[in-house]
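S.K.: With the hints as constraints, model all of the structure from the sequences given.
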Amino acid sequence: MKRIYTVILAAAALFAGCEEFQPVFTGKYPDPQEQQIYTDEDFGRFTPIADVKQMYVDNGNKPYDITKHCVIKGQIVTSDQTGNVYKSFYIQDETGGIEIKIGKNGLYNDYKLGQWVYVDCTDLTVGSYEGMIQIGYKDETGEYETAYFEHSAIIDNHVFKGRMATEEELVKPVTIAGNEVYNEKYLGTLVTIEGCKYANLVFLIGYIDPNIVKESDKKSNENRFFLDDEDGTNWGITSWALSESLFKEHVDNGDFDNVVMNDGVTVGERKHLIKPQPYTMNQYFEMPGLTGVRRYLQVRSSGYAKWSDVNIPKPVLEGRETVSFTGILTKFESDMQFTLIDLGGVRKADGSPWYDENNKEL
Amino acid sequence: MIKKLLLTIAAVLCATALFAQKSEWGGVKGTVVNRAGRAPIAGAVMTFSQSGETVAAVTSDAEGKFLVEGLENGIYDMTIKAPGFLDANVNVTVEGYVKDLIFVGMIVEQVVTEVDDSNFAEFDMDDSGFEDSPSILFDSNDPFTNIASFGFSNIRFKNRGYTSESQDVYLSGIRMNDAITGYSPFSLWSGLNEATRAKETTVGNEVSDYGFGGYNGVTNIHAMPSTVRTGWRFSALTNSALYRLRLMATYASGELDNGWSYAVNVSARVGGNDWVKGVYYRNFAYYAGVEKKFGDIHKVGLVTFAAPGQRGAQNASTQEVYDMMGDNMYNSNWGYQNGKVRNARVRKTFEPVTILKYTATPSDNLEASATLLWRTGKNGYTALDWYDAPDPRPDYYRNLPSYYWMDDPDYGRQNGEKAAWAQYAWEENIPEYAHLNWDRLYNVNWNSIDANGDSRSKYVIEERRVDQNDINVGANVKWNASRAFTLTGGFNYKWNRTEYYKKLDDLLGGDYYMNIDQFAERDFATNQAMVQNDLEYYLANGTAQVLHRGDKYGYDYYANVRKAELWANGALDLGAFKANLALQAGYETFWREGLVRKGLFPGLNDDGTEFIVDGKSLTTYETVNGELVPISSKGKSAVSDFFTYSAKLGLQYHIAGGHRIYANGGYFNDAPTFAQSFISPRTRNSLVPNLETMKTVSADLNYQYSNNGYNVRVTGYYTKIMDQTDMMSFYDDSQNSFTNFAMSGIDQRHMGIELGFKVPLPVQGLSVEGALSWGEYIYTSTPRMTQTIDNSAEVIVDNQPVPYWASHPIYKKYTDGFGDVTYETDADGNYVVEKNQKHYVPSTPQLAADLGFNYRTNSYWFFEIDAQYFANSYLDMNPLYRTDLAVNGPDGIFTPVEVEYMAAQEKFDPVFLLNLSVGKSWYIDRKYNFGFSLNLQNITNNKWVKTGGYEQTRLIDSESAERYYRFDSKYFYMQGINYMLNLYFRF
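Sequence lines, in order, name chains A and B.
My numbering numbers the first residue of the first sequence as 1 and each following residue consecutively.
My numbering numbers the first residue of the second sequence as 1001 and each following residue consecutively.
Don't take each hint at face value.
[Said to hold, decoys possible] Just so you have them, the derived chain B footprint on chain A, three or more residues with Cβ under 8 Å:
| # | region |
| --- | --- |
| 1 | 28-35 |
| 2 | 108-121 |
| 3 | 136-148 |
| 4 | 209-220 |
| 5 | 306-314 |
[What the hints assert, rightly or not] Output of the computed footprint for chain A on chain B, the stretches with three or more beta carbons under 8 Å from beta carbons of chain A:
| # | region |
| --- | --- |
| 6 | 1166-1172 |
| 7 | 1388-1395 |
Derived from the structure by calculation, the hints contain no laboratory data.
The structure displayed is predicted, hence computed values, not measured ones.
Beta carbons are placed, not taken as given, at the ideal position from N, Cα and C, and that holds for glycine.
M.R.: Written out as structure tokens, the structure reads:
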């Protein structure tokens, strides 16, 4: 009998000694580590954003692959939380602002509005999209001047999180007016433009079938239609952008029936073929102190923004009141555009908001 | 000793010759003993048969003694069976007197085949749309099943290619297959190997005493305390495949003089394994039962058991991931949390089963029993859930090099540098990229501070709960009307209400989560009502529900199933010839009952008006039988009901000397399961269109030889299964929603041969054993497919054929000197078809073979070596790749290249495996028995054996816009070399 007990005890000791037994056994896990917060000391010298933008200009307005040591210290001035800024954020220092093309959704979870970041631009590319200079990854396909980083390993080796900015450090929007809007130094920065009046014009590129894979077929005269400023109307679109369901509502209402496509056929005739999708579009506003086409500020909003279907305030639509916009100044070719971060950037002449935090008109 | 025995036998023979003329009747007596130590064995059953026909049977008493009289003179085949001992076989000649065999020795059964569902890793298929439910065969005296039950488990062998649902498993006479899915619920009693060891099994179309059964056998687990092996038993088991340690203790009283019997079985299975990180067990199990016999007629038993605990699951990945990790056992479900391994997918269960059974034996030829069985408790499966944040899964396709670089420029993936970064992250095995990054998830939650200073979790762990309440009543009768005719029959009623819901399991450092449908929010962000998981809460409170740990959220509904069945089997026994005819009729009904109103599918108000919020109607409609019907998430769905009927016929003929030829056939008409019948039970009451019963025709022809230690069975079978439906549901990030594929009209044909044998060799104690299963399991119809998404009422694909499901054409082609391939066309310009490539029923080898040698010594050593070969295993297909849409591409133009690429089914490589077992047991004081068995699987350490997987139901656009490409398939692999060491001690 004794022998048996000895054997059993020996066996039990053997089992208990096995190492795989431990790591997953308890079901109780230790507290995770807090993320690393970088400081200026980790990097030393910084390159101003304006200098980085200049690299593109100095390269003959062609994409420039940065090979030398180049670290930007900037503060994040946008958030993709409401969906109008998408897959990227803008950072700003005393010399300017620039978009960092990260290429992931839900960036605001990791990179907060008002957080300092250090962007190590070494091995990155500075390029432009229709006049907006950006930092991204080299686009090997040559389709664009820069590409998104996309992979976490690239992001984590180039973008380093610093601490949150203090109240005093927070970037305050600069109020610009008149011809200042066309000053390139404000591009990509947080600005306020006051006294904007609704122009009753929109721009939107629509598709009968947006799912056509072949690009040339998708862009064909039979498939593509334009709502633009030459129409002299907003086609009944009173919202900042169009979600899929709101676009469908307009189509069903016949709002676009009289739009003539480039092959001479009206949208109304192809209505039964239309496959709705969300649309990014521009609502036009007139800026005070400017004339001609230069007076238009195109407020460009995404159909995926959580507030895409929110209407422009009625008094503004009717031209009775103006809007003071705060957001990022951008451009498309020669047109000035404006990117709202959220509807908190839409304010009345007296500086009070037009919308509450639930995007309800006040 | 042998000399003595020979002398005794010679003396007996002489005596027999002398007295042969005295009488035409005689008998046999003796004492059944353990060959080691001559300890008597009580309860051994001796069966005497001639020409395969049982003539008499007797059970040994407490001292191991038995006596049978009234046997006609002649030679009898006497088989001796006792639990825990190897079956023995002796030829006895009866010649006019009661022959005393003195001692009948039995050898202790040492190979402990530990087959229960813990022999199978739990594969996480939840987001794939596919199901993974390995079929488990039970050990029996059948030479094929005996080998296949444990020996084929590694490769996830499915008997005759049938699914788990087709395998009927009864517990104390109640059919236990899951009411909702039909799966055999082995996990309910896994870890209770001793308490559930006593079972009776039929093969194929055979009818059981406990139920009508289907075409894939019936197993009845007795589970009553009187059937648990008497005495104490302790065992400790360690293995490298699944968990580190299993400890088990059992005690059974046997039937005491006062008519009581009781039994207890407890076990614990804990720890990780050598192969798959993150897979672990923390499972316990208990069983307790009492039984009381009142006089000779009545017996009442009460049993309760459960296997509570948790286990980590394993996930499938693409070959690209496995190759970069250099490990086909890579599991994407886990990551380090401050240095400790944590798995996101954990199965948590506690489902107690209680059985009350009454048995009456009013006379020798009538036995009846009635059972009441209740299953309840909780079954949860955890998973990561996230809101408006990046996909945290490490092997998400955008994290892989192939997303950035494909050699073929038509993929439009030509970013070599990004691919190199991705490759670096994987190949360097950087934990935050190659595994779940728990630290980041916590940090995101900590930093997600709202206006009130509370942190709103963006990543949480949800627990998907399936809580069953299953009440069964069953009755069985067996009446031996005459020596030639036996009638068996029974009745079963099942009442099942299963609640499906999600529970917030872990906020991962945050303070709260919101009850919002984030997929709906992507499409309907501007309409707050539509994104609510609980619209009524939102309307009452003006805000979405704030969730804390333990709260229900997401979806919540009941699946209700009621099922009644009546069956009878008449068996005719005319000596050498036997026949039976069995009939079954049943009625099944089921419906869904939504417990919350979802913003996307609110249906109608109680007064029948549309659901209007903020002046906008949220009510959506679907077309059912040509009528527009509102789609509702709350309330009772339409009730489906099915009348089912089945019939079986069996014939058998015994030939003197232990030969038996028998055939069974059946026609079955089965209702679809609840799980196959709702297009999206998480969100709405909508049923799969055109639901109908599944019809099966099945027949088998068998030959068996059983004599003198030889045991051989050969079977040929043919089964055709028609009108099956299937439901697949998985998350599709291109649609930003769960996508549901409902398939109907799936036909399958299973045919093949099965061989099992055990043959003693001239060397004492040495035998050769083998099993072969060689079949062809194919799809034979063009099913139809309907695709919907959880996000809208829209039907994306409406009842379209899946033309390349059962096969696809291979075209005639030739390759020129430059390697260019040209497809041959006929005079009309049509491509010439060379052959049609069949598509096969997946995830099981269609050829499985095993050959082994078995050696047992008189000193209780045993050695076993066996070689196995598995081939013709195929990957599970998704229907999308077999549609015209996917094959023809965006341009709609059909080309042979596209057909052969898109519709093809992957065949796995064949594999050769070698396994070894060794064991020994010792007896001390003729009472205590101590032993071990060591089993080594896959000795050659093959690590490249695919056992299953699935195709991702996604298409990649091409640059040319002329064709589509497939997403890479995901695979499960077999583990390399494994050991299992079992030590036991009993008395």
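S.K.: Compare the structure with each hint and give your call.
M.R.: Structure-based check of each hint:
Residues of the region 28-35 of chain A lying with their CB closer than 8 Å to a CB of chain B number 7, which satisfies the three-residue condition for coverage. Counting residues of the region 108-121 of chain A whose CB lies closer than 8 Å to any CB of chain B gives 3, which reaches the minimum of 3, so the coverage claim holds. Three residues within the 8 Å Cβ limit are the bar, and the region 136-148 of chain A against chain B gives 6, so the coverage statement holds. Interface restraint, the region 209-220 of chain A with chain B: holds (5 residues with C-beta to C-beta distance below 8 Å; minimum three).
Check result for the region 306-314 of chain A against chain B: holds, 5 residues qualifying (beta carbon to beta carbon below 8 Å, three or more required). Counting residues of the region 1166-1172 of chain B whose beta-carbon sits less than 8 Å from any beta-carbon of chain A gives 0, not enough to reach three: the coverage restraint is violated. Requiring three or more residues with a Cβ within less than 8 Å of a Cβ of chain A, the coverage given for the region 1388-1395 of chain B holds, as 3 such residues are present.
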